[in-house]
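**Q** Residues per chain are reported as follows:
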Amino acid sequence: MSGGGMRRIAALAPTVWLVVFFLVPFLLVAKISVSTAALAQPPYTPLFDLSEGVAGALARLGELTLAAYRAILEDDLYLLSYLGSLRLAAIATALTLLIAYPFALAIARAPRNRRPALVMLAVAPFWTSFLIRVYAWILLLKEEGLINHALMALGLIGEPLHVFATDAAVVVGVVYSYLPFMVLPLYAALEQQDASLREAAADLGATPWRTFRRVTLPLSLPGVMAGSLLVFIPAMGEFVIPDLLGGSETLMIGRTLWNDFFSNRDWPAASAVAIVLLALLLPALIAYERLQLRGRER
Amino acid sequence: MSRRVLGPMTLAFGFAFLYGPILLVMLYSFNESKLVTVWAGFSTRWYAALLQNQQLLDSVRVSLTVAVTSATLATILGTLAALALAERGRFLGRSLLSAMIYAPLVLPEVILGLAFLLLFVALGVDRGFWTIVLAHATFTMCFVAVVVHARLVSFDRSLIEAAVDLGAPPWRAFLRVTLPISAPAVVAGFLLAFTLSLDDFVIASFVSGPGATTLPMRIYSQVRLGVTPEINAVSTLLLAAVGLALAGFAALGARFGEASERTG
Numbered sequence: 001m002s003g004g005g006m007r008r009i010a011a012l013a014p015t016v017w018l019v020v021f022f023l024v025p026f027l028l029v030a031k032i033s034v035s036t037a038a039l040a041q042p043p044y045t046p047l048f049d050l051s052e053g054v055a056g057a058l059a060r061l062g063e064l065t066l067a068a069y070r071a072i073l074e075d076d077l078y079l080l081s082y083l084g085s086l087r088l089a090a091i092a093t094a095l096t097l098l099i100a101y102p103f104a105l106a107i108a109r110a111p112r113n114r115r116p117a118l119v120m121l122a123v124a125p126f127w128t129s130f131l132i133r134v135y136a137w138i139l140l141l142k143e144e145g146l147i148n149h150a151l152m153a154l155g156l157i158g159e160p161l162h163v164f165a166t167d168a169a170v171v172v173g174v175v176y177s178y179l180p181f182m183v184l185p186l187y188a189a190l191e192q193q194d195a196s197l198r199e200a201a202a203d204l205g206a207t208p209w210r211t212f213r214r215v216t217l218p219l220s221l222p223g224v225m226a227g228s229l230l231v232f233i234p235a236m237g238e239f240v241i242p243d244l245l246g247g248s249e250t251l252m253i254g255r256t257l258w259n260d261f262f263s264n265r266d267w268p269a270a271s272a273v274a275i276v277l278l279a280l281l282l283p284a285l286i287a288y289e290r291l292q293l294r295g296r297e298r
Numbered sequence: 001m002s003r004r005v006l007g008p009m010t011l012a013f014g015f016a017f018l019y020g021p022i023l024l025v026m027l028y029s030f031n032e033s034k035l036v037t038v039w040a041g042f043s044t045r046w047y048a049a050l051l052q053n054q055q056l057l058d059s060v061r062v063s064l065t066v067a068v069t070s071a072t073l074a075t076i077l078g079t080l081a082a083l084a085l086a087e088r089g090r091f092l093g094r095s096l097l098s099a100m101i102y103a104p105l106v107l108p109e110v111i112l113g114l115a116f117l118l119l120f121v122a123l124g125v126d127r128g129f130w131t132i133v134l135a136h137a138t139f140t141m142c143f144v145a146v147v148v149h150a151r152l153v154s155f156d157r158s159l160i161e162a163a164v165d166l167g168a169p170p171w172r173a174f175l176r177v178t179l180p181i182s183a184p185a186v187v188a189g190f191l192l193a194f195t196l197s198l199d200d201f202v203i204a205s206f207v208s209g210p211g212a213t214t215l216p217m218r219i220y221s222q223v224r225l226g227v228t229p230e231i232n233a234v235s236t237l238l239l240a241a242v243g244l245a246l247a248g249f250a251a252l253g254a255r256f257g258e259a260s261e262r263t264g
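The listed protein sequences correspond, in order, to chains A and B. So the first sequence is numbered by the working numbering: it starts at 1 and just counts up by one. So the second sequence is numbered by the working numbering: it starts at 1 and just counts up by one.
Please note that the accuracy of each hint is not assured.
To be verified - Label-pair restraints from in silico Cβ distances:
1) N264/A - V153/B: 44 to 54 Å
2) Q54/B - R115/A: 41 to 51 Å
3) M120/A - D156/B: 17 to 27 Å
4) L6/B - P222/A: 18 to 28 Å
5) F212/A - V164/B: 24 to 34 Å
6) E199/A - L27/B: 44 to 54 Å
7) G243/B - G205/A: 24 to 34 Å
Think of the hints as simulated: they come from the structure by calculation, not from any bench. In this text, all values refer to a predicted model and were calculated from it rather than measured experimentally. Cβ atoms here follow ideal geometry from the backbone N, Cα and C, with glycine treated the same way.
This is chain B alone, in the form it adopts within the complex (with noise of 0.2 Å):
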């Protein structure tokens, strides 16, 4: 077979893989029937029975709430974390800080929860929001670290040299060159921790307390009841939220994209 048709199939393939069974779960939830695999024609039946149900909607709030809190923190620190890391030289502390940014990353969820659980009972703080919360921004900021780091490794530091040439002060080259460059990378590392956040379901089963209960955790018990068009309709408007969010930002990464080639 010519190569030419072989790059485009294997494309095909690869991306029909990926969004096929999700595209299904959004197909089904505007079906008629209770009965999930029989379609029995078009329905947004499902959606009015989600607003019906206050347990979910209820796990959707928490779930925003946390994940902005979580996401803010872990904006601040893994922002800070990747400067550290971008500087050249050596400091004290530095492959110590670096390891302990791309441990997490890999790390088995279940591991990390139950090691979060084990510090907060230690503590002695009482589970449930912010102990989610807390949880969250910790292993969040390690891929906003990483986000960021990518961008500031990648830019011209002849920039900042320039600027400290012509006599600004560090802090400022800082807040002039280095802050406007690094931004498209900061939202993006906001919007990984937000929606890493927002997706957790281990991390958060292991230090929730109480009357947090996350959405991921009220679908988890539902799924393990069964299959339901509720949960078809939920996972598509969680689905739409996030492409939108994507789109969004693919567009403003293509603007700002724009804007540095122009600079650059």
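So that you can see chain A by itself, here it is in the shape it has in the complex (with noise of 0.2 Å):
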């Protein structure tokens, strides 16, 4: 067999398998968000069905709705959820940067034969429970939870703070579960710059802080983009993180369709709501997307 054929091959099961279980699934979430919703079993009614034929199919078209878009603009409660998981994903990714880049640096600057090791055990916590990572901030941020505990035995807050069950909490919870998807790009980036770069400017009488802001950080910004869309893709839909640590006015999207479609069974509703919050996150799937291809042709 030659090594085209053997190719062909190779990328055939792949791509049937994520065409029939990832493509099509989405071109479904499409169709049911402009179906309407029913009290039935599932609840919305069928926009096509195959046993009626050309005729019923067309009739069927009619039928279809714009029902479940309306509402997302008319209900304020799709708005302020959006609107709410822009602001804490944007803060959050924006606190996650200012923390994972000195963590990345101070690796990329460790000695080599010390870097893997650390990058692996800066990465390990991603590999363990994600729930638990969260759950163990409930444990702190309680109002009677360790943090609070610990303040008040020293004598440095008289009762307790108020953070679990509000936006600082889903914010932490952000922060602290997806930190390692930043370091991971950024150290990348920082790992592979030029040592020599840094000197040329240091003797040509540059401060480390003018080398950093110079030479250091634009080298970086690849690494900084590629982190940044890491962290702010996933917390923008993110559901665990605000319905565990966030408080009941904590809006934010993936709560909502969660809601919709678990609580509310109204899955017309739901399926506009993904498609929405898909077509807000196209522009940084697509420049996520490009940063990949580069990385690759690099």
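Relying on the hints, combine the two individually framed chains into one complex.
**A** Right, dumping it as structure tokens:
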């Protein structure tokens, strides 16, 4: 068998699999977002039914409805949820970057033989249960939690801080959970930088701060970009963190989608929310895809 | 402050932030008191309580079976995808495959979960064990593909060309060169797929049906009711298992690394 033949066969199975289990489902989400909600099982009016033949299918087309999208525009709950997600994801991404950058830099500047172990240690939490890492912050942040306990024992505060069940707790949860996603691309970008560039800057009289601002930082921008997208995109649709750490007034779109689906059993609404979220994330997804492609060509 | 101190201090703060909360959960799983935040002495009573919790044990069994099955499928499919993407030159559907591999890595889980569910409903499949396996295999194969692909593009392609020049047919070059070189990444991919499946709560909640409750689903419903020492104990066991697997894999990777340095 020729190399080309092997390649085609290797590509075929995963491509077919992903078309069936990934691409088609998205078309279904789009389809159900324009269906009518109904009290049935499944809880929406089917759009096409092959058993009805061509005439039946054409009749069904007349039932296409944008009701779910109209609801998104008219009901403040959705607008506030999208804005809430955008705000919290943006704040959390910025904070994650601020924490991860010095951390990744310290790993990249550590002695060469220690770097692999340090990177592994920094990324290892990603392998442990997400749910447990979020849960740990309930233990820490609750009114009668460990942080309040410790601060009060030290006499630093007189009464417990109210962080748990607020937007601040959600931000802490996102920063903590997604930190490894930010550290890894930053480290990759910082580690491959040529040290002689910094030496040249220093030789030419640049202060360490100026060298950082004019050499290190600009060269690491692809890593900053990749890390920020890796945190921002999933954080936008996050459900577990706002549900466990946020308050009842914490509106995030992932949670609203979840409630539409599981509590209200309004599948067309949930599907429309997902399609709009996808459309909002599309620029970020394309930017991420471009970065991946550029990285591969290098 | 001198740079010599700044680096290690940043590292210390970073690792304390990453590991502190996890270690506290583990510490408090040995707390005698039922009040989670008051330390009342060392005890293993919560671990004993776990063994009596039949629902929890059932969910562990479901999660492990789902994880092994879906990770096996994901490893085969993901490795094939990586092999196809690592080849030089274009082929029909390359950008489609590439886009479909990278998108699930970052897409919010609620969207993926909803999409998978709607597919299974449209197909009229009963939801349960197998729908979770299929959904997990689909999103974890993308992670396997990325890990294996990174390894395939980083090794010297002239090795394969040399094998072919020496008269080895392509399938033989594949078996004797490509496969051994990518083996550590394939193992890493399997482990990653396994842990991602074991960990997933959102997607499983969408596609699961009666009788198929995974461990994260069980933990989640307990966490919603409040923090209990029992959850700390389950978490500790889970973290210890992952820690051991990671340490084992790191040791394996070190040995492979030495071997490939000797040959390379």
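**Q** None of the hints should be skipped; say for each whether it holds.
**A** Results of checking the hints against the structure:
no.: 1; hint: N264/A - V153/B: 44 to 54 Å; result: holds (47 Å)
no.: 2; hint: Q54/B - R115/A: 41 to 51 Å; result: holds (46 Å)
no.: 3; hint: M120/A - D156/B: 17 to 27 Å; result: holds (24 Å)
no.: 4; hint: L6/B - P222/A: 18 to 28 Å; result: holds (25 Å)
no.: 5; hint: F212/A - V164/B: 24 to 34 Å; result: violated (48 Å)
no.: 6; hint: E199/A - L27/B: 44 to 54 Å; result: holds (45 Å)
no.: 7; hint: G243/B - G205/A: 24 to 34 Å; result: violated (48 Å)
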